[in-house]
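Below, each chain spelled out in residue letters.
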Amino acid sequence: MDVSFILIILLFGAGATYFVGDKWASKAALIFSLAAFAATIYITCLYNAGENVSLLKLWIKSPRIFLAFHADGLSLSMTLLTTALTPVILYSSFGSLFPKTRAFYALILFMAFAMAGTFLAVDGLLYYIFWELSLIPIYFIALLWGSGTAEERKKAVVKFFIYTFAGSLFMLVAFVFLYQRTHSFLNFHLYSAALTPKEQTWIFLAFFLAYAIKIPIIPFHTWQANVYQKAPAAGTMLLSGIMLKMALYSIIRWQLPIAPMAAVQFKYILVGLCIAGVIYGSILALKQDNLKKLLAYSSLAHVGLIAAGNYTLTLDGLRGAVLQMLAHGFVVVGLFFAADIIERRFATQQISEMGGIRVQSPKFTSMFMILVLASVALPGTFNFVGEFELLYSFAQTNIWIAVIGGTTIILGAFYMLRMFQYVMLGEKNAKPFADVTFNEGLVFVIIIAVLLVFGLYPKPIADFVTPELEKILVYINRFNK
Amino acid sequence: MDILIAIAGLGIICLVAEIFNLRKAIVPVTVAGLLAVLGYVGAKICSKNPDILGLGFDERFHGMISSDKYATAFSGLFILLAVFLVALSPEFHKEHKAKLSDFVAIKLFLLTGAIAMVSFTNLSMFFLGIEILSISLYILAASSPKDVKSNEAGMKYFLMGAFASGIILFGIALIYGATGTFSMIDINTMNREALPAWFGIGTVMLTIGLMFKIAAVPFHFWAPDVYEGSPALTTATMSTLAKVAAMAALFKLATTLNAHVPGLLTTINIVAVLSMTVGNLLALKQNNVKRMLAFSGISHAGYMLLAFQFINLSTAQGNLFYYAAAYTLAGVAAFAVILSVCGGKGNEDVYNFNGLGKTQPLMAAVLTCALLSMAGIPIFSGFFGKLFLFGQVLEKGRMILVIIAVINSIISVGYYFKLILAMYTKDAVEEGKQLPVPFVYTAVAVLSMAINIAIGIYPQFVLDLIN
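So the sequences go chain by chain: A and B.
Sequential numbering from 1 applies to the first sequence in this note's numbering.
Sequential numbering from 1 applies to the second sequence in this note's numbering.
Simulated from the structure, these hints should not be mistaken for laboratory data.
Keep in mind that the hints are not guaranteed to be accurate.
To be verified - Below, simulated DSS-like cross-link-like pairs (lysine-lysine); rule was C-alpha separation at most 27 Å, straight line: (1) A/Lys-155 / B/Lys-358; (2) B/Lys-396 / A/Lys-159; (3) A/Lys-287 / A/Lys-431; (4) A/Lys-61 / B/Lys-396; (5) A/Lys-198 / B/Lys-396; (6) B/Lys-149 / B/Lys-97; (7) B/Lys-358 / A/Lys-23; (8) B/Lys-426 / A/Lys-100; (9) B/Lys-97 / B/Lys-146; (10) B/Lys-358 / A/Lys-100; (11) B/Lys-285 / A/Lys-159; (12) A/Lys-155 / A/Lys-287; (13) A/Lys-23 / B/Lys-426; (14) A/Lys-159 / B/Lys-97; (15) A/Lys-159 / B/Lys-426; (16) B/Lys-149 / B/Lys-94; (17) B/Lys-285 / A/Lys-155.
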């Protein structure tokens, strides 16, 4: 049994979900996603027991392309994030009715398949295929089931697609160029490609374009807020919870070890750019009256911080980034789910029209409160662990970066708590707000449980990812002895 | 040559069948016959002992024709495309049943021309091939005589095509003057330095003539009007079979003549860049799907011209063949859907596709896949076609060409998605009752798309046909 098994379950599940018909589609999707999650856990256990769960098989002879799926702490933890969040996202959609149900659930599973493939693939071209493949389902999910008029939706989604497609094509050119040098697409061959500093710069920039658009780092972020706002809740969760992490993960897996000289050279510029994005996102979030847009900009700020951690090229930065990716994945899914619940009941995304929920639903209020606090990295939550390590890595790089980065926590606390105040507190709203259903409550409880458990005891995950990050750091530092 | 005889024979059988009032049998017999020939070609490719089946240079036909791997592989592709195009005919021409035998026979003759164009070893054979192909297309373009646009298309195509043929013939004459022979094998062995200057001039004229046929910029002006005016099935034939046949012939000529003309390769690169860019930019503005595909075809011709940048000839041949197969199969699938959607509508504007995702989900899905393949999104074979070509060009060290091609791929997403958006986000214009899609249209669309995806998942199979 190897990691490709997870992918097979998800792909087969997507097909089966489509064919069982509208009535059973949601249940089938949930079962298959849980099966994939179980398989991931089982494979992780096998991996920890020292078994070889990777797959390496020749796919195309010329050019040499391998079906190469590699399991290590890094890829497995990201796969775990994907397969753990997929059932949560599916389950959170149970409350809404979608036309063409089976296509909707099948696309979500297909998306999970593509994203898990991106995390596991270590053959550059295979990785690229999965990377692009994940665009197609999210395109249709946002286009067909999103909110707003068809015209607005179309504009937002097409912009998103063309932006990301454009970025990733340059990554493809970089891969093809590397293939000419090494005659292989496998990552460890690419790591040891003998590249001149100038070539490394170009390769680094080609990768950067693809990742900066997907993360997004300013000034490539303009697609983000509109798509988050227009996409259905499940689509937004997939995008912000998992898909952005594909780019953050790829920085560690591909960009830094392949072109380390450029990474060292541009270190301060990149960290500065990412931090600028954090501040920019926070300020925009302060001004938003649209709940989903506010969350989108807060997400922009958080991923900016993660990206900055990646580019510090320190072990703490990388580990903090990985931990924060996992934590942010869960918390952002929870927050968007809460926003979706409010939107369903109040039929609005405007914060000014909300308020007074606490009086009507104390349960929902307390769960939302915990998510908000986790999002602003209160000690005791998973997010605190990641954010602390990130700030520590900034301090190792340059104390001023840490100081500026640290202010974002204050800004974050400010806009999140203000949002909480306007949305939840205040006079009782004229519109009724039904209490959370069992399904909704269960989703919140799972997410909060994960955040608290790993917030109090992050050691297993930290230990799980550290060896792989250390290996990658060796590759990154091979030129500057 | 045996393939040529078999297919020409099938064409004659079609005409005879009409006389004996066996109209219903024409298409089934033709399709079966073509599939048999395709099987024969497959056997030729697979056979370990090529002599038995006459693989390679054939003395019996006075060095007119050879069946090397390049020729055989392309012939197989052409026959496969012809099967699809012939299968679409009866449904498309159901208003003119009496002319069906003519249309099918002309398509078969066109196929013989296309095969001659890739398997020639003699310039006179090449010219025969291109003329058979062209004349068949002139007739097919004007085959809807009561439609003014079809008349215009036929006339325009004929004038332009005849002009291009004249240039080709002039080029062949110059090459004959320089070498004293039509035989490619003899020319190949001659010392290039010792040949007079008009050998190079002749090669350039041949190249220009064929650029007309593949509609590369700046020789593309006929294409949009002719594509729009011709009956849709003819447009499908032109943009898939005929274009790729001309492309394959151009590649074979350029590589075997191998004239040392200074700047020829650079010029081809410029033409490739222009074709890609102009084709894509103009396609963005089109509202008629046939016109849009015409411009997209121009840009694909530009991509295929990148194959001229090579280090290893057989790899380049394989890459060109793969790209041609990916492009044409997606093209046939797209046209099958267009035929079924626009069959009774009288025009092919984008709004006809509104709401297709709801009314005919299967056809909409096939068209989406076909367009995604043309745009070069992975797992569809169009992606690998582009990947192999880009890799080959990078190997030659032409980074700038690849960057331009990549930027063009991004532009092309813009207009391919216009159609996809129309299918999935707009509501159908007329809420009338939906006519069921004819079975052959569905079958051809699904089958050609399935082959497209299959060679995307297993590209090695296609590459091995030539390497």
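What's the verdict on B/Lys-285 and A/Lys-159, does the C-alpha distance respect the 27 Å limit or exceed it? Distance ~18 Å between B/Lys-285 and A/Lys-159 Cα, so the pair holds.
Can the restraint linking A/Lys-61 and B/Lys-396 be considered satisfied, given a maximum Cα separation of 27 Å? The given pair, whose Cα atoms are some 20 Å apart, holds under the 27 Å limit.
Satisfaction of hint between A/Lys-287 and A/Lys-155, Cα-Cα up to 27 Å: The hint holds at about 23 Å.
Hint consistency between B/Lys-358 and A/Lys-23 [alpha-carbon to alpha-carbon, up to 27 Å]: The hint holds at about 19 Å.
27 Å Cα cutoff - pair B/Lys-358, A/Lys-100: This hinted pair holds, its Cα atoms lying about 10 Å apart.
Given the hint that A/Lys-287 pairs with A/Lys-431, does the C-alpha gap stay at or below 27 Å? holds, 25 Å
Take a quick look at whether B/Lys-97 and B/Lys-146 sit within 27 Å of each other, Cα to Cα. Within the cut-off at roughly 16 Å; holds.
Would you mind confirming whether the straight-line C-alpha gap from B/Lys-149 to B/Lys-94 stays at or under 27 Å? Measuring from Cα to Cα gives roughly 20 Å; hence the hint holds.
Within 27 Å, alpha carbon to alpha carbon, are A/Lys-198 and B/Lys-396? holds, 19 Å
Taking only the CA atoms, is the gap from B/Lys-285 to A/Lys-155 under or equal to 27 Å? holds, 17 Å
27 Å Cα cutoff - pair A/Lys-159, B/Lys-97: The hint is violated at about 48 Å.
27 Å limit on alpha-carbon distance, applied to hinted pair A/Lys-155 and B/Lys-358: Distance of about 21 Å is within 27 Å: holds.
Hints 2, 14, counting from the list given before, are not met by this structure.
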